[in-house]
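Peer 1: Work out the full structure: start from the sequences and follow the hints.
Take 649 as the starting number for the sequence shown in the numbering used here and just add one per residue.
If you are wondering where the hints come from, they were derived from the structure by calculation, not from laboratory data.
Quick caveat, the model's predicted, so the values are computed rather than measured.
It cannot be assumed that every hint is accurate.
[As the list claims (entries may be wrong)] Listed next, the in silico DSSO-like pairs over lysine-lysine satisfying Cα-Cα at most 27 Å (straight line):
#1 Lys933 with Lys673
#2 Lys790 with Lys673
#3 Lys734 with Lys933
#4 Lys953 with Lys790
#5 Lys734 with Lys790
#6 Lys744 with Lys790
#7 Lys734 with Lys673
#8 Lys673 with Lys744
#9 Lys734 with Lys744
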Amino acid sequence: MSDVSYNSGTSENEAQFGDFIELLKPRVMSLVVFTAFVGLIAAPVPVHPLIGFCAILFIALGGGASGALNMWWDADIDRIMRRTRKRPIPAGKISKEDTMALGCALAGMSVMMLCLATNLMAGAMLAFTIFFYVVVYSMWLKRATPQNIVIGGAAGAFPPVIGWLAATGSMAVEPWLMFALVFMWTPPHFWALALFMRNDYDDAGVPMLTVTHGRPTTRRHILGYTIVLALLAVGAAFTEIGGPIYLVVAVVMNLAFLLGAWRIWRRDEVMAEADNYAAERGFFKLSLLYLFLHFLAILAEALLKPLGLGGWA
Numbered sequence: 649m650s651d652v653s654y655n656s657g658t659s660e661n662e663a664q665f666g667d668f669i670e671l672l673k674p675r676v677m678s679l680v681v682f683t684a685f686v687g688l689i690a691a692p693v694p695v696h697p698l699i700g701f702c703a704i705l706f707i708a709l710g711g712g713a714s715g716a717l718n719m720w721w722d723a724d725i726d727r728i729m730r731r732t733r734k735r736p737i738p739a740g741k742i743s744k745e746d747t748m749a750l751g752c753a754l755a756g757m758s759v760m761m762l763c764l765a766t767n768l769m770a771g772a773m774l775a776f777t778i779f780f781y782v783v784v785y786s787m788w789l790k791r792a793t794p795q796n797i798v799i800g801g802a803a804g805a806f807p808p809v810i811g812w813l814a815a816t817g818s819m820a821v822e823p824w825l826m827f828a829l830v831f832m833w834t835p836p837h838f839w840a841l842a843l844f845m846r847n848d849y850d851d852a853g854v855p856m857l858t859v860t861h862g863r864p865t866t867r868r869h870i871l872g873y874t875i876v877l878a879l880l881a882v883g884a885a886f887t888e889i890g891g892p893i894y895l896v897v898a899v900v901m902n903l904a905f906l907l908g909a910w911r912i913w914r915r916d917e918v919m920a921e922a923d924n925y926a927a928e929r930g931f932f933k934l935s936l937l938y939l940f941l942h943f944l945a946i947l948a949e950a951l952l953k954p955l956g957l958g959g960w961a
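Peer 2: Here is the structure:
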């Protein structure tokens, strides 16, 4: 389909500054920024505030580049899905060409500047993350397999690793524990969304698990992944990134998350439609709080360690 359909040229559709910000997926970027910041602070090497600020800024720009390039590639299905049809490209406010140019420019600048501000390993990991999200997930997995969210979720799990690398320049076990936390959280988070968005993915031809295997299977997968996630999240309390604060948060939040997943598993479509997918919507909202509180607890433990209060020491 020609790009003309995306850019009507009418005055009502002229792009505003906010439309370009929307291309960067600011809500997703906020998660990238926060988890990267936690990875940076949790690292055992102190970082100069200016360098830390630059590192988070360039990681955020890299995340924004990924969002813009994802919107460029997915413009055709964004026009079909209810929750995405008002994005700048399908709304005719910004052309695909301009979106691709913006994404590529931000990607190149963010990687280069992160290398200069911190180190080569952090820059290389940011470059790999952008590549993984745009090429591996958006261009390949999203439309090819119901495991799209499972494997593609790695892209959203890399920021704390990048933050850690920006501080230390070296690998360790701890950032990969944070990676695993986000990685295992992503499938139940998005599958809950797929349940109550109902026909969006069907209409767009995206092979989400709800489309290829049905909603009962999706409900079972949500419960299974949540059980594994709970074991991982609570177990992380007894590692270097954990401590008593984190343990309390992990126990409370994972009990609530398990209860929500169990409720979803017990329901069928008749029950779900009767209350407008209240349990699924509630689980999705809880999942946002779940990840935020876990990383906030990791941050608290890291900030208290210099005072002799964080961790188990």
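Peer 1: Now tell me, hint by hint, if it's right for this structure.
Peer 2: Hints, verified against the model:
For the proposed pair Lys933 and Lys673, the alpha carbon gap of about 18 Å is at most 27 Å, so the pair holds. Restraint check: the Cα-Cα separation between Lys790 and Lys673 comes to about 18 Å, which is no more than 27 Å; the hinted pair holds. A threshold of 27 Å between alpha carbons decides the hint, and for Lys734 with Lys933 the separation of about 22 Å falls inside it, so the pair holds. For the hint pairing Lys953 with Lys790, the CA-to-CA distance comes to about 41 Å; that exceeds 27 Å, so the pair is violated.
Restraint check for Lys734 and Lys790: satisfied, since their Cα atoms lie roughly 20 Å apart, inside the 27 Å limit. Pair hint Lys744 plus Lys790 holds up; C-alpha atoms about 19 Å apart against a cutoff of 27 Å. Between Lys734 and Lys673, the direct Cα distance comes to roughly 13 Å. Compliance with the 27 Å bound is thereby established for this hinted pair. For the hint linking Lys673 to Lys744, the alpha-carbon distance of about 16 Å falls within 27 Å, and the restraint holds.
The straight-line distance between the Cα atoms of Lys734 and Lys744 is roughly 14 Å, inside the 27 Å bound, and the hint therefore holds.
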